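> Going down the list, the sequences are from chains A and B.
For any residue, its number in my numbering is found by taking its place in the first sequence, counting from 1, and adding 164.
Here my numbering is used: position 95 in the second sequence is 79, and no number is missing along the way.
There's no promise every hint is true.
Unchecked claim - Lysine to any residue pairs mimicking SDA-like chemistry, simulated, CA-CA at most 20 Å apart:
(1) 16(B) x 207(A)
(2) 16(B) x 6(B)
(3) 67(B) x 287(A)
(4) 16(B) x 285(A)
(5) 67(B) x 285(A)
(6) 16(B) x 205(A)
(7) 16(B) x 196(A)
(8) 67(B) x 52(B)
(9) 16(B) x 198(A)
(10) 16(B) x 287(A)
(11) 16(B) x 273(A)
(12) 80(B) x 16(B)
(13) 16(B) x 286(A)
(14) 67(B) x 286(A)
(15) 16(B) x 59(B)
(16) 67(B) x 22(B)
Bear in mind the hints are in silico, worked out from the structure with no lab data behind them.
No experiment lies behind these values; they were computed from the predicted model shown.
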Amino acid sequence: VTYVDELSRELARRGVHGRSRRRILAEVEDHLRSDAASERQFGAPSDLANEFAAELGTHASRRAAVAAFAALAIAGAVYAAVFVTLSPQSIQSSTLVTAVVVIAPQVAFVAGVLALARARRRSLATAELTVLHRRTGTALAFGAATMGALAAAAGSTTAYVAAAAATTLLAAAAAPLLASVRIRPQVAGSAGDVFDDLGIERLRTDPWRFARLVALGVGAAVALAGVVQGDPLDGLARGILEGAACLAGFAALGRYLGLRR
Amino acid sequence: VNEELKGHLDSLILAVLAAEPAHGYAVLQELKARSDGAFDLPEGTIYPALHRLEHAGLLASGWSSAGGRRRRVYRLTRRGRTKLESRRREWLAFSKAVDAVLA
């Protein structure tokens, strides 16, 4: 068994397949032909395969996060357009559908932004990559749920077609995510949290303080919007609900999405 | 030396490829030659670094054939050249400051 054979097996074990694997093997094979004695200098095939998997996994996960965010941005535009063009009378929705239409896009947006924040970082440990995958997957899943609920609520053919197109786009954006999940490097390190991603170390000691601050900010913004629209009481009620939803989201998804450790 | 070198590996690879496109083996040899043998990097470090720089858009690569051998040849992109210039400036400022303190 040659070094290249062993490297090939180790790359496959870490989920590096197809064109990437062929390219790596061809480069290493060519190098060894230039200098056969350099085999030892390459290190153990498992270590080299792991280095490549770490690099490819990080790159693929970053691309997946960006693709998901781009798809979400388009879905967001569809969401806004459907709401603007709908007359209030045409909206036919149950409480559940309304809740999904209101809450799901916010979860999708927050997860998508957090995925982008993590994708900016240069090198990622395996546990950090897992969190990045979760954020990207959550953003896409909640985006798709939003589109489904939107189509159900709108009850018009135009809205249905627009939501279906946006859902197809979100499904297409899941392909890079699935490809990145298949690459499995072993890089030591903790999963990190939102404070690492945003560079706000100060608040790490009390993540719930951070959650309360965000809830307060979001609640105040919604309440202010109510004042601007001439209905401060309704704004205040919505603001309190939004703030409570932020805290509930932090409690339910905080650990899963790496908001707190 | 090699441990200290790791933090500067990307800049050194960009600098080597600024002169002309080259394959991984030639990059290693050039690094060794330019440093009078001080930078004798293990082969296992250079290829993942080349791939990383390409993913970052600082290098581009393509297959070339010579003497019946297919080789992956890397070249600096415009973005890579800009990055190299900024790294050079940073290094000069840093080394000047260190020199001033050590002297």
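> Are the hints correct? Go through all of them and say.
Hints versus structure:
Straight-line distance between C-alpha atoms of residue 16(B) and residue 207(A) comes to about 19 Å, which keeps the hinted pair within the 20 Å bound. For the hint linking residue 16(B) to residue 6(B), the alpha-carbon distance of about 14 Å falls within 20 Å, and the restraint holds. With a C-alpha separation of about 18 Å, the suggested pair residue 67(B) and residue 287(A) falls inside the 20 Å cut-off, and the hint holds. Simply put, residue 16(B) and residue 285(A) have alpha-carbon atoms about 31 Å apart, too far for the 20 Å limit, and the pair is violated.
Of the pairs offered as hints, the one joining residue 67(B) and residue 285(A) holds, with about 18 Å between alpha carbons and a cut-off of 20 Å not exceeded. Our distance criterion of 20 Å between C-alpha atoms is met by residue 16(B) and residue 205(A), whose separation comes to about 14 Å. The hinted pair formed by residue 16(B) and residue 196(A) meets the criterion: a straight-line CA distance of about 17 Å does not exceed 20 Å. The hinted pair formed by residue 67(B) and residue 52(B) fails the criterion: a straight-line CA distance of about 35 Å is larger than 20 Å.
For the given pair, residue 16(B) sits about 16 Å from residue 198(A) by alpha-carbon distance, which is consistent with the 20 Å threshold. Proximity of residue 16(B) to residue 287(A) is assessed by CA-CA distance (about 27 Å); at most 20 Å being required, the pair is judged violated. For the hint linking residue 16(B) to residue 273(A), the alpha-carbon distance of about 49 Å lies beyond 20 Å, and the restraint is violated. Annotation: proposed proximity of residue 80(B) to residue 16(B) is violated, straight-line Cα distance about 24 Å (limit 20 Å).
Using a Cα cut-off of 20 Å, the hinted pair residue 16(B) and residue 286(A) is violated, with the two alpha carbons roughly 27 Å apart. Distance hint between residue 67(B) and residue 286(A) is fulfilled; the C-alpha atoms sit about 16 Å from each other, no more than 20 Å. For the suggested pair residue 16(B) and residue 59(B), the alpha carbons sit about 19 Å apart, so the restraint of at most 20 Å is met. For the hint pairing residue 67(B) with residue 22(B), the CA-to-CA distance comes to about 24 Å; that exceeds 20 Å, so the pair is violated.
Checked against the numbered hints listed earlier, the structure breaks hints 4, 8, 10, 11, 12, 13 and 16; every other hint is satisfied.
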